[in-house]
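K.L.:
Protein chains in written order, with the numbering used here: chain A, 2 to 793; chain B, 6 to 566; chain C, 53 to 578; chain D, 2 to 118.
The set of hints was computed from the structure by calculation and includes no laboratory data.
Incorrect hints may appear among the rest.
[To be verified] Listed next, the in silico EDC-like pairs over lysine to aspartate or glutamate satisfying Cα-Cα at most 20 angstroms (straight line):
id, chain 1, residue 1, chain 2, residue 2
1, D, K105, D, E115
2, D, K105, C, D226
3, D, K117, C, D226
[Unchecked claim] Label-pair distances were calculated between CB atoms; the ranges are:
id, chain 1, residue 1, chain 2, residue 2, range
4, D, T107, A, S789, 46 to 56 angstroms
5, A, A100, B, D538, 50 to 60 angstroms
6, A, T696, B, E369, 40 to 50 angstroms
7, A, Q162, B, I18, 46 to 56 angstroms
8, D, A34, C, R377, 37 to 47 angstroms
9, B, W68, C, P120, 24 to 34 angstroms
Computed from a prediction, not measured in an experiment: that's the story for all the values here.
Heads up, the beta-carbon is just placed ideally off N, CA and C, and yes, glycines get one too.
Now for the letters of each chain:
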Amino acid sequence: MSTVAIIALASAFVTHATAHTPTASMEPALLTTLALALGDGAIAAADGHAVDAAHAVHSTSGYADVGPLHFVKAVANTDFAWLKWMLLAPLVSVILCGAMAMFKVKGRLPALFTVATFGLSTAMAIALYFQFGPTLFATHAPLTVPFMDWLSLTWGPGPFQSFTANLGFYIDGISMLWMLFVTVLATLIALYASEYMESDLKAGYARFFFAVSLFVTSMLILVMSDNLVGLYLGWEGVGLCSYMLIGYYATQPGATAAAKKAFIMNRIGDLGLALAIFLIWTNYGTVQYDSLFQAIAGSTSEAVQGGWSKAAIPFLLLLAVCGKSAQGPLFTWLPDAMWGPTPVSALIHAATMVTAGIYLLARMAPFYTVQAIGPEWAETALLTVGWIGCFTAFIGATIACGQFDYKRVFAYSTISSLGYMVMGLGVGTAFGGVYYVFTHAWFKALLFLTAGAVMHGMAGQVDFRKLGGLLRVPGFRLTMICMLLGCLWLATAPFSAAAESKDIILLTALTSHVQQVQWMGWIGVLTAGITAYYAFRVWFRLALGPVKIEPGADQHADHGHDDHAGHADHAHGGADAHAGHGAAHSGGFHPHAPGFRISLVLTLLAIGSVLAGLPSYLAHSQGFNWIQRFVQNSSAWMRAGNSEEHGQILGRDAHSTLFIIATTVVVAGFLLAWILHAKNRALGDRLRASMLNTTGLKWIPLGSEHGWYVDQFYNAIIGVPAWLGAQLLAFTDRFVIDGVIVAAIGRFPGFVARVFQPLYTGTVQSYALTMAGGIGLIVAWVVWVWLSGGAS
Amino acid sequence: MTLAVLLIVLPLIGAVLCLGVSERAAKTVGLIASLVVLAAATLLAFEFPAWTTGTFWPNEEGWKLFTAFGVEFRLGTDAVGMLLIILTAVLIPCSMLVSFSAITQRQRGFYAQFLFMESAVMLAFLARDVILFYIGYEFTLVPLFLIVAIWGGQDRRPAAIKLWVYSFVGSVISLVGFIYLAAGHATDTGTPINFSVQTLVEYGQTLPASTQWWVFLAIMGGFAVKVPFVPVHSWLPLAHGEAPTAGSVVLAGVVIKIGQYGALRFAFPMAPEGALALAPFFAALALIGILGMSLVCWVQNDVKRLVAYSSIAHMGLALLAMFAFNVVGMEGGILYMVNHGLSTAGMFMCIGIMYERYHTKDMEVVGGLMQRMPVWSVFMVFFAMASLALPGLNGFVSEFLCLMGIYTADAGMKTGFPGILGPTYAFLAALALILGALYVLRMLQKFVFGPLREPSHGHGGHAHGGHDSPGAHGHGNHAAHAIQDVNFREILAMAPLAIACIVIGVWPKPILNVIEPCAANAVAPYVKLIERDLANPPRATADESATKTTAAPAADKGAIQ
Amino acid sequence: MTPAILAASTNLGPKFMLIAPEAVLFAGAVLCAVMGLSHARAFRAMVPWIAVVALIATFVTMLKVWTPEAATAAQLPMPMLGKYIIALLCVVGVGHVLASIGSVDRAVERQVASGTGAFDPVRVIQGEFYAFILLSLCGGMLLCHATDLVWLFLAFELCSLPTYVLVAIGRGADRSMEAAIKYFFLGAMSTATLLLGFAFLYGATGTLELSAMRESFQMQAQTGGIGSVAIVGMLLAVIGICFKLAAVPMHFYAPDVYEGASSPVAAFISFVPKVQGFVTLIVLLGTVGWSANGDSSIPPVIAAVLWMIAVLTMTLGNIGALLQRSAKRMLAYSSIANSGYMLVGILAGPTVGIDATLLYLLTYGVANLATFGSLAAIERNGHEVDSIDDLAGLRVRAPMVAAALAIGALSLTGIPPLLGFWGKLDLFVASAESHQRTLLVIMALNSGVAAFYYLRLVAMPFVQEPTPRTQGVSPVPSVWPRLSALIFAAGCIALPFFANQLKGEAAAAARTDLDKQATVAQSVEK
Amino acid sequence: MITLASMGSVAPMTPAMPANIQVTLALAIILFAIGLVGFLTRRNMILMFLSTELMFQAAALAFVAFGRMWMDLSGQLMVIFILTVAAAEAALALGLVVLLYRRKETLSSEAWAELKE
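Build out the structure end to end from the sequences listed, making use of the hints.
P.N.:
See below:
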C-alpha cells in the first residue's frame, strides 16, 4: 500500500513540472492575471473600474487599498463528490488505528493503514489537481462541493435569519496547494514514522498513528472546508492532535505539561477565531467563504459600516494565527512542542499544522482590505500582521542562536520562518508568504527528520555539544548531507528554493513605499543573516569536527530531554568540560544508523526540497510561477494589488540589489558560524564564556538561551496571579460563601431559636407569665393602634 | 397517553419489585426495570408525532384526579422534553451498570431509589400542569437525598442535608411563584384555580411588567438553586463530591437539568417582561459562574469537585445563552442540556470507576493512570474533550451556538433575533474556552498522563477505614491485587454516552431540527417584546440599526451586481 | 326567657337528630368506662375495640343523620361542618385508639395474666383512658353543633378536660404528671381568658346566640364600627383558643406536655385540640364577618393580631424544632408550626381559606398520626422511645415502623405527592388568592426550615446505621400501634388520589349559611 | 318559634348602662386580675387552682353584669354552666394535685420543672 503512495508522490513531482506548460497554454485568461500580478498597471486599469479612485486612496492611505477586489463566484460541482473520500480515507485509518489501540494490537498494521490511506488521499489530491486545476486556472472560479449537513439553522426568510455551516468543500488555489503538500508530506512522514516509532511497537504505536491520522483528517477539513465553522472544526481538531502527540510520551511530566501549554496557547488563538466568526456572521450574515467574499467585494471603502465590529475581525483572526502559527506573544508553545516524537515535530510543528495560520491569513485576506474594514483599519491591520511576523521572525532567530538542543533550534527556526510568512502576508505578498510555506514545508520537514534520525541513532541525544563529526560516522552520512541541504535552504542560500520564496517577501517589503514596511524588510534581511548563522552552527557542530558521541539517557529516541534546569547547567559549565568527556562516553555506544524507510524518506524530502525551487526557476522561462498560479486563483489574490510592482531598493534595481544584499548577509552569517563552530570551536566557546562573564553582555547569551525569558514573564504576570486568584476564589467559595455566608444563613434560624430558648424554663408560673406577657403585648399593640387612630 | 403513563408507572413498579426481591437479585431486577423503561421511552419516541412541530403531545384531557386543586393529570411533552426523557432513560441503566460492583450494601434500596427517581423525573418532563411538574421535580429530592446520604462518601451526611435544604427551599420559592400566578389568574378571571401550564403562560404574559418581575424572580430564583447559579450553588460541589458514582451521574445528567428545563418551560414563557428586566442580573450571575467557577476548577485537587464546579460553569453558559432570547442562543442552551448531561455524566462515570479501584479522588494522590488503565483513559480523555467543546464532539455544537446566540443578542445587530445581551457578554463567556482548557487539561495532565502515581498501601488502607460508607468499600485493599482496566460492563455503561457524544457532534442536524421549533416557541414572546422595544426605542441607536437591518444587505447586493 | 333562649329550646327538634352520633359515642364512652372495670380479662381487652366500634358506629350514624336538609333545618351556622369534623375525628380517632392499644395498664395486665397479681379496679385505667378519648372526641364533635356561646363553651370544655386526664394517666410516669399539671393549669388559665372574652362578646351584643351576634355586629359595622368591647372580647377569646392551637403566645406548654405525655396521648393532644380550636375559631370569627361572597371582613385589628400570631407561630415553631433531640418535643414544635400554617387559612377567610384549613387539619391529622403512631409503636427496653438518637437504624429493628415514620415525616414536610403537600398547596393557594403575599413567602420559607428537621425522622431510621444505643429498640408487643401508623402512612400516599373528594367535603364544610339566614331575615323584614 | 333573625332586630341596641354595672364590671376585671396575679405568683398548686377559679368567677360575674345591662337572662344562664364546668375542673384539679402530692410529697409547682428545653 505504501508503495502506491510513493508512486503517487513521485508522479506528482515528475509530472508537475511538465504538466503546467500545456495547462498554462490552455488558459489565456491567466495572462491577464499574471500581468496584473507582475504590476502591469495598464492591464489592471483595463480590467477594473474606479482605478483613479483607488489610486487616489493608494497615495494617501498606503498599501492597504489596492482597488477593487477580484471576486469570482464559486461554482458548485457535485462531480467532485468523491473529494469526501480524501477526508474519509484517513478517517478510516483513525477508526482502525483507534480500534487497534483499544484492543492493544502490537504490530505494524496501524502504520500500514495510515500510510496507505494517506497515500490514497495524496493520489486524490493529485487527481484533483489534474481534474480541476485547469478549470480553476482558466475560469478563476473556485469549486464548491457539498458534503454533509452539519450546523444549519433557519428561523426566518431574511438574509440574517439563518446560519449555515455545513461541511462542504471550497477548492481554490490555496486549498488545493495545501491539500497537495499536506497529503504528500503526511504520507512521507508517516512512512518515516513507521520505522522511527518501532521502539514503541508494544506501547503507543497504534495510538501514534491514530493521532496522526486524525491530524491529517482535521487538517484536510481545515483547508477544504467551505466555511469558517468547518475551518474551526479542523482548526481545533489539529490542535487536539497536536496536544495528543506532544503529550505522546505521557509518562514524562514535561511532555504532558508541554502538551497542555500548547493546547491552552492554541485555545487563546481559537478564542480569537471563534469571536471573529461571530463578528463575521453578525456583519455579513454568512460564514460561507463564497458569499462572504462576494459581500466584501461588493462593498466599497466608503460604504463600510459596522464600526469596531468589522474592524476587529482582522485582529481577531490575527490572534488565531498567532496561536496556531506560534506568532507574536503566543510563540512559546512551539519549542515545548518538541516533546513530541520527531516525526510529529516535522509534520505538525513544522510543515503543516503551524502553517494553518498562514492559510487562514491567506484565506481571509479580503478582510484586510479597505472594502472590508475601511482604509484606516485596513492599513493598521496589515501593518500589525507585518510587524507581528517581522518581530517573531527576528526574535525566533535570536533565540535559535542560543540553543544547544538542535531540535529546539529547528523549532525556533520554524517560529522565525513562520514569522517571515506572516510578514509576507502583512507586507502584501500572499504569493511570497504562501510560496515560503511551500518550500519551508519541505526543507523543514527534512531538517526535523534528519534531526530525528540523529536522535534515533544517538539514543535521544539532543545536545549538539555532545555530538560531533557525524559526517564521518558510518550510516549517518546521508543524514548529514540531507541536513546540510536543509540548513542551506533554511539559511536561504542563494538560488535555493527557500531563497527564491523568501526573497519575494523581502523584495516586496523593501520596495514598498510605506516606510514601516521597508523597515520590516531590513529587519527581515538581518534575520536572514542570523538564520544562516544558527543553521550552520548546528550543522557544523554536528557534522564536522572530531567524532564525538555521547548517547542520550534513553534507550529509544525522544525520551531524553533534559529538564530546563539541567540544560542551563550545561550551558553555564561551558563547553570545555565536555571535550574531555566526549570520547569516554562514546566508547561503548553503537549509534543506530537509520534504516531503509528513514533513508528513503530523507532522500525524497531532499529531492522535494530542491524541486520546491522549480516553480521559481521555471518562472523565468515559462512566464509564470507554478505556486503563484495557485495563489492567484484564490481568495488571497482578491487583493489584486498584491502586485509585486518591484521598484527600487536603495535607488538601484530591486532584484539585483536584494540578491547582493541577501547573499552578503547570508554568507556573513555562514562565515561566522564557520569560524566559531567549525574552524575554531574553542574561539566560539571562549567568546560565549567571555560574554557570560561580562556584566553588560551577559544577557545576550542567557536571554537567547532562555527564550528571552518570555515564559517566565508570562508566568509571573499571568500564570502566578491567575493561580493565586483562583486559589483565592476557591477559598472564598468554599470557606466564605459556603463556610460563612451559607452556614450563617443556615444557622440563623437555630440562632434565633436559641434566643427564645430561655423562655422554656419548665415551670408553670414562668409559662403563665410569658403567656400573660404575650397577651399583654398583644393588648398593648391593639391599644397603641387605637391610640394612633388606626382602628376603624 | 398510555405510554406516557407507563413511563411514570413502570419505574415505580420496578422500584417496588426491587425492594421486594433478594439483595442479590436487586441489581438485575433494577437493570431490567430500567431497560424496560428505556424500551417504553423508545417506543414513545417512535410514536411521538411532534418531533419537528414544537407542539406538545399527547397533551390529552387527563385524569381528573386533583381538579379540585386546579391540577389536572395531563401529560404531554414537546421535543425538548422527549430528548430529556430519552437522556434519562439512557442514563439510569448506565448509572446502574456502573454501580454493580461499587455498591455492595443495601442494594435493594439503592436500585429502588434510582427507579423512584426515574419515575419522578419522567413525571417532571411529561407534566403539562405546573403542580404535576412540581411533584416530579420535588420528589426527585427524596431518592437523591437517600442516595447521597446512604451510599455516599465520607462527608455524605452534611452534603445530603445541604442538598436537601437548598433544593427544598429553592423549589418552594418556585412554587410560590407558580401559586402567585395561578391565584392571580383565578381572582382576575373569577374562575377556579387552574395550574395548567397553558393557562398560566397565557395569563402571565398579560401581567404588567412590575408583576412579571416578581413572578420571574420567584420562579427563576427557585430554579436557579437547582441549575445552580452562583450564590446558591454551594450544595452542588459538596453533593457531587460525596455522592456515589451513579448518584453523581444522575444528578449531573438529569436532576439539575430539571432546573434548566423548568426555566425554559415555565420561567421564560410565564413572565417574559420580568425575564427581560431581570436578564442582566441573571446574566451577570451566570457570567460570574462561568468565569469564577472555571477558575475554581483550576485549583481543585478533588476531581469530583472539579467536575462539579465545571458543571456550574457549563450550566451558567447554557442559561446565559437562554437569556440571550434569540433562537440561536435558546437552541444552544437547550442542546447544552443534553450535551452536558452526556459528557459530564460520562466524566463522573470515569471518575467513579477510578474511585472504585483506588478509593481516592485526589489528583495529587493518584495519577498517570494511562499506564494502568489505558482504555479507561481513552474514555476519560474523550469525555473531557467533549466537555471542552472540541469540534466534532457534541459540546462544540452547543457551546458554539450558545456563544453565537449570546454574541448576536444585541438589539443593534443585524441578526435575525436581537436579544438583550450582546458582544460584551459573549467575550466574557468565551473566556470559558480558555479557562475550560486550563482546568480540563490540568486534570488530564495530573490524572491520566504523567508518571504513574498510586496511593501507597498505607494511604489506601486509610482511605478505606476512614469512612463507614456502606457503598464505597466493597473491595479488599486494592494494593493487594492489581488494578484492572475497565471491564466490559463498565464499557457498556459508558459507550452509549460516548457514541451519543460523537453522533451529536458530527451529525447534529437531526437534533437541531428537533430543537429548533421548540426554541422558536420559547423565544416567540420575547421577539414581540424586543420588537416593541425597538419600535419605541429606549436607546437612540435602535432606529438606526433597524434601518440598517433592512438596508445593508440590499446595498451589498446592489454593489455586487 | 329571652327570645334567644326560646329560639334555642324550640330548635331542639332538628338539633336532637343531629347529635345522634355524639350520643352513640357517648354511650360507647360509658361502655368503655364500665367494661374497663370488669373482672374478666377478655372484657377488659375488649375496651379498645368497643371504642373502635363506637367510633365506627358514630361515623355511620353521622352519615345517616347528617343530611344537608337536616343540617339546614338545625340552623347551624356552617351546616356541613359537623359532617366533616365528625368524620375526621372518627377516622383519625380510630387511629388514635389503635395506636394506644397496649400502652396503658400493660404492667398490671401482665401481672394478672401471669398470675402474679390480682385484678384491682383501682389500679387499672384502661376503661377511663378510652372513655376519655371518646369523650374528648365527642366534645370536639359537639362543637360543630354550636349555635350559641353556651353550647360552644360546654363542648369546648368537654373536649378539653379529658385530655388533661389523658396526659396524666397515659404513661403514669413522673413526667406525664408534670405534663398534666402544666397542661391543666395553663389550660385553665386560657379557658378563663376565653370565658372572659365570651363575656365581653356577650356584653357587646347582648346575646349568646351566634346568629344574633352576627346580626348585631353587622349592624354595628354599618353604624360606625364594631365596638371596642367586642374587639377586646374577640381578642381574649382568640387568645384563649390559641392555647388549644398551641399558637403563640400560648404555645409554651406544648413541647413540655407532648414530651411528658405518652406517645399515643401526644398524638391525640397534638391533633384533637387543634380541631377543637380551629372549629371554635371558625365558628366564633363567623360572627364578626365573613360573608358567603368571600369578603373577609374580620375587624382589621383582629386580622392583624391573627396575622402576627400566624407568622410568629409558624416561625417560632419551626425554629424551635431545630434544636430538639427529643422526637416528641420536635413534633410538638412541628405541631405549633402547623397551627401557624392553618391560621393562614383562617386569615384567608371563607371560600378559599376555611376549607384549606379544614383540609389541612385532615392532612395534618393523618400525617401526624403516622409519625406519632410510629413512635408509639416502638420501645426501647420496654420504655417509650423519645430521643431521636433512638431512631438510628430503625429500618433494621422495625422496618415497617421506620417506613411509616419516614412517610409521615415526608408528608409533614410537604413532599409531593404525599397528602401533606396537598394540604400545604391549598393553604398556599388560599393565601395567594386572598392577597396575603407576605404570608405566602413567610410560609414558604418556614416550610424550608421545616424540611430540615423533619428530615431527621427520615434520615435517622434510613440513613443512619444502628448504634449500640439502639440495641434495645424493638416494636411494641401489640401489633396495632404499628398497624395504625402503617395505615395512616398508607393514607398519606393513597389519600391524594381522593383529593377531589376530600377537597369537596372540606369546601362543603366551610360553606356558611349565616348569610343565607340573614338574607332570609332581611327579606322577611321587607 | 321566634329567633332573633326571624323577628328582625329586636335586641335592644342601646343597652341601659346603670352605674352599678360599671362597678360590677370593674369588680369582675379586678377579680380576674387578682386571679391572674395569684396564679402567677403562688407556688402552691391548690392556691394556683383557686386563682384560676377566681378568674372563672370573674368571667361569670362579667356575664351577670352584662346580662343585667342587656336586661337579658342568658348571661345568668351562662353562669350556671360556668359553675358546673368549674366544678368539674375542680374535681379534676384536686385529683391531679393529690396524685402529684403522692409522688413528691409537696404541693409546690416548682417541684415539677423537669421538662424544659
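K.L.:
Each hint: holds or not?
P.N.:
Cross-check of the supplied hints:
The suggested pairing of K105(D) with E115(D) holds, with an alpha-carbon distance near 13 angstroms, which does not exceed 20 angstroms. A C-alpha spacing of about 9 angstroms is found between K105(D) and D226(C), which places the hinted pair at or below 20 angstroms, so the restraint holds. Between K117(D) and D226(C) the CA atoms are separated by roughly 14 angstroms; this keeps the pair inside 20 angstroms, and the hint holds. In this structure the hint that T107(D) and S789(A) lie 46 to 56 angstroms apart at CB holds, the actual value being about 49 angstroms.
The beta-carbon spacing between A100(A) and D538(B), approximately 55 angstroms, falls within the hinted interval of 50 to 60 angstroms. At roughly 42 angstroms, the beta carbons of T696(A) and E369(B) sit within the given window of 40 to 50 angstroms. For the pair Q162(A) and I18(B), the supplied restraint of 46 to 56 angstroms holds, since their beta-carbon distance comes to about 48 angstroms. At about 39 angstroms, the CB distance of A34(D) to R377(C) agrees with the hint of 37 to 47 angstroms.
Checked against the hint of 24 to 34 angstroms, the C-beta distance between W68(B) and P120(C) comes to roughly 28 angstroms, which is consistent with it.
The structure fails none of the hints (numbered hints given earlier).
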